[in-house]
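Student: Sequence:
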Amino acid sequence: MPLTTIRERSAAALAAALQAEFDHTVDDIFLEIPPNREMGDLAWPGALPLARVFKKAPRAIAETLAEKTLWPEEIDRVEIAGPGFLNLYLNRSAIFRQLLEGSKREHGTGSKTIVEHTNINPNKASHIGHLRNSVLGDTLVRCQRHLGHEVEVQNYIDDTGVQVADVVVGILYLPEPDLAAALGIEIARRDDLIEHVVGALGGDQVPHASTTDFDDLSWEIYPRVTNLYPEDEDFAGRRAEVLHAVEAGCDGMDLDEAVFSLKGSVISGEAFSERAIARLAGAVAESNVRCHLATMARLGVAYDVLPHESDILHLGFWTRAFELLKEAGAIRLESDGKNSGCWVMSLADSPEFADMEDPDKILVRSNGTVTYTGKDIAYQLWKLGLLTDPDGTLHDFGYQSFATWEQSAPAEPVRYVEGRHTLARTTSSRAQAISGLVFGNGRTVFNVIDVRQSYPQKVVKEAVRILGYSAEADRSIHFAYEMVALTPAAIREIEKRSGKSFGLTDEQMAKAYVEMSGRKGIGVKADEFLDILEATAADAVAARAGESGLPDDLPRRARSIAVGALRYLMAKQSRNRVLAFDFDEALAFEGDTGPYLQYSAVRANKIFDKLRARRGEGPFERTEIPELADTELPDDLWALVLECARRHDVVRQAVDNLEFSLLAGHVHNLAQLFHKLYHGHPVVPEEDENLRRLRRAVFTLFADEMKIVLEELLGIPVPEEM
RNA sequence: GCGCCGGUAGCCUAAUGGAUAAGGCUCCUGACUUCGGAUCAGGCGAUUGGGGGUUCGAGUCCCUUCCGGCGCGCCA
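Here our numbering is used: the first residue of the first sequence is 1, the next is one more, and so on.
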């Protein structure tokens with residue numbers, strides 16, 4: 001916070017001087033961080049472009065401004081450098097003391113920000129591609145909250161799509177040998193196989209994540225189904241049958257009853273009951289959702305509400321959105337041409353779509369059903385608080401508690417136990433509500449969805465605009481990120497580990513990376529990868545334990561390191577680059593990695609442990625500030641202090657650009673600066689009390705800063721020991 | 001065909017239009033009888049795919065071209 005304030009004040013002072021001395025108005029004065037310490041702490045290159053305007057040498061302009069500007073008191077001196085840069089030097093001890101005082105919490109704007117992320121199809125286990133979505137989304141949530149915004153986290157559940165139906169098709173119609181193989185059991189009659197599947201569904205609790213959960217079972221079934229579709233026409237026909245049943249709904253049928261009915265149908269050879277199929281599909285989706293929550297919980301990722309697509313359908317969200325679109329004249333019914341019989345939204349007036357061959361987007365098919373984009377428009381309108389009924393009230397869901405959860409610290413795993421936080425789910429009964437909780441109606445909405453969804457996301461945004469909500473459309477933000485792909489080396493590694501072959505061609509394996517595919521089953525399961533990561537981390541800890549033996553809290557340490565490695569890897573890479581996943585790189589704990597950062601924080605904390613044991617001194621206390629010697633901080637200590645002061649600027653910049661590599665760079669700088677100081681500035685052995693106090697103060701600042709950036713913002717735990 | 005994203009050292013990545021393009025990996029040389037070597041110091045290695053342009057200043061903006069990826073469904 002200090003640096004932001006000084007920047008703003010300096011910019012304002014500079015603008016005033018420009019006005020007074022040159023009668024010139026500049027409204028966006030930006031002070032940058034110079035590339036080199038010798039060039040000051042802040043810099044302004046603005047005199048250079050003004051040279052032409054004023055017909056004066058840039059250095060002369062800079063000199064006048066340096067002299068005439070009423071600089072804030074934190075600016076010690078100003079120098080002119082090079083062709084006309086204005087280099088500002090801060091009063092080190094003033095900034096240092098301000099930081100040691102601690103920063104006040106930001107207070108919010110009162111408006112709510114909605115972040116939608118994760119959104120995994122509930123038809124199979126999550127893979128590392130989903131992890132990128134959840135980690136980016138969760139990091140955004142953390143940064144927004146740090147900046148003082150109220151944030152609501154939504155995880156959209158597509159429980160009525162064909163993907164869930166495909167798993168149900170597999171359970172009911174996949175040839176018994178295939179299904180048994182997918183389940184990993186001996187071949188049996190279908191009613192026994194169904195019984196096995198139902199047994200794996202689990203209860204209505206969020207389970208502890210493992211690699212033998214229901215989502216892992218679905219992971220095996222799903223690709224077998226999609227692979228059989230092209231080969232077997234009858235089998236392929238089952239998809240429509242199941243989908244139809246799912247859409248009709250189960251009408252409150254009990255799961256036991258549904259299973260009994262399905263098994264009875266197997267024995268009697270009759271057709272399956274539609275309601276029973278729908279009930280099974282619901283159970284499959286819900287069980288997968290719980291597994292996904294468990295996986296993300298390992299990374300410290302939690303949610304506020306799970307909007308269900310089935311509720312969007314049953315509660316007429318689309319019907320209402322359809323009316324609004326018609327009233328606004330945003331859509332029209334085509335009577336001829338290739339889209340005959342469809343309701344389309346014309347995008348011809350939107351600059352971004354105008355050049356397209358066909359700027360019309362179909363929202364309602366000729367058979368009367370709504371497309372995915374149509375549903376998404378309705379959902380987006382609800383998120384923005386724009387889905388109103390004719391009487392002006394908001395068209396809303398019913399809600400009930402799905403689970404409650406706890407998190408003992410910002411980067412600890414989320415535990416779905418009796419906790420004080422409620423995870424709500426939507427329901428189709430508007431009468432249901434959770435006391436004290438309201439959802440939707442956000443001022444700004446971030447949709448964390450991969451870049452391949454850019455086109456439909458633009459359509460949704462444009463629909464909001466066409467309805468007359470231009471400002472809301474601008475605040476509908478698609479947080480796009482590139483996909484996660486696998487390097488050929490990673491593919492070979494998975495094939496080796498799993499013992500199966502994905503049958504990729506030499507041509508595919510010659511490329512730099514191969515796209516993951518849930519349909520083909522090519523991918524690294526999130527839980528599987530986290531297990532490997534934890535095991536590797538545990539080995540690394542054990543290798544360093546030496547003769548003292550394995551620590552009691554080995555699993556906990558391993559988990560922290562694994563999460564640190566993964567979350568940092570995801571945060572540090574720019575979002576619009578393909579993340580080519582490589583095991584060796586992901587499992588590296590040295591260099592520019594999460595564990596390096598964690599180690600630096602642990603190392604700093606260790607200083608205070610030793611200090612307490614040998615001298616009875618702890619971290620620097622605020623009350624000691626007056627005792628600090630009033631000498632200028634040396635360059636190397638100052639570099640670390642200044643980097644600490646930059647946090648607020650960095651977080652804001654990261655959020656503005658949706659680019660967490662900036663935050664990663666900041667925390668890496670911090671760690672590097674600290675390690676450089678470590679050898680030259682010993683604390684415990686230092687006998688000079690003033691010097692020791694100064695070093696304690698700097699390292700306390702560093703340790704606190706690391707705790708905030710790693711745990712609170714990046715969700716990376718700082719372990720006690722490593 | 002149209003659109004979006006990427007191309008930076010042997011490899012992976014960073015850099016709000018600013019000063020000497022910054023880290024990591026690899027390789028080489030060093031540093032613990034002082035707070036943990038998952039560390040640090042040093043070295044090798046790049047005219048940022050090619051070509052034009054705008055600018056006092058371009059990896060960054062514009063044009064063009066080449067390479068790679070992804071979109072442009074009455075799929076979800």
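Don't take every hint at face value.
In silico DSSO-like cross-links for lysine-lysine, where the CA-CA straight-line distance does not exceed 27 Å [to be verified]:
| no. | residue 1 | residue 2 |
| --- | --- | --- |
| 1 | 458 | 496 |
| 2 | 375 | 326 |
| 3 | 572 | 707 |
| 4 | 511 | 458 |
| 5 | 68 | 55 |
| 6 | 338 | 520 |
| 7 | 56 | 68 |
| 8 | 112 | 496 |
| 9 | 496 | 520 |
Hints were generated in silico from the structure; no laboratory data involved.
Student: It remains to establish, for every hint, whether it holds in the given structure.
Tutor: Status of each hint after checking the structure:
1. 458 with 496: violated, 41 Å
2. 375 with 326: Holds, at about 15 Å.
3. 572 with 707: holds, 18 Å
4. 511 with 458: Given that 27 Å is the threshold and the Cα spacing comes to 31 Å, the pair is violated.
5. 68 with 55: Holds - the C-alpha atoms of residue 55 and residue 68 are around 19 Å apart, at most 27 Å.
6. 338 with 520: violated, 33 Å
7. 56 with 68: Given that 27 Å is the threshold and the Cα spacing comes to 17 Å, the pair holds.
8. 112 with 496: The given pair, whose Cα atoms are some 48 Å apart, is violated under the 27 Å limit.
9. 496 with 520: holds, 17 Å
In this structure, the earlier hints numbered 1, 4, 6 and 8 are contradicted, and the remaining ones agree with it.
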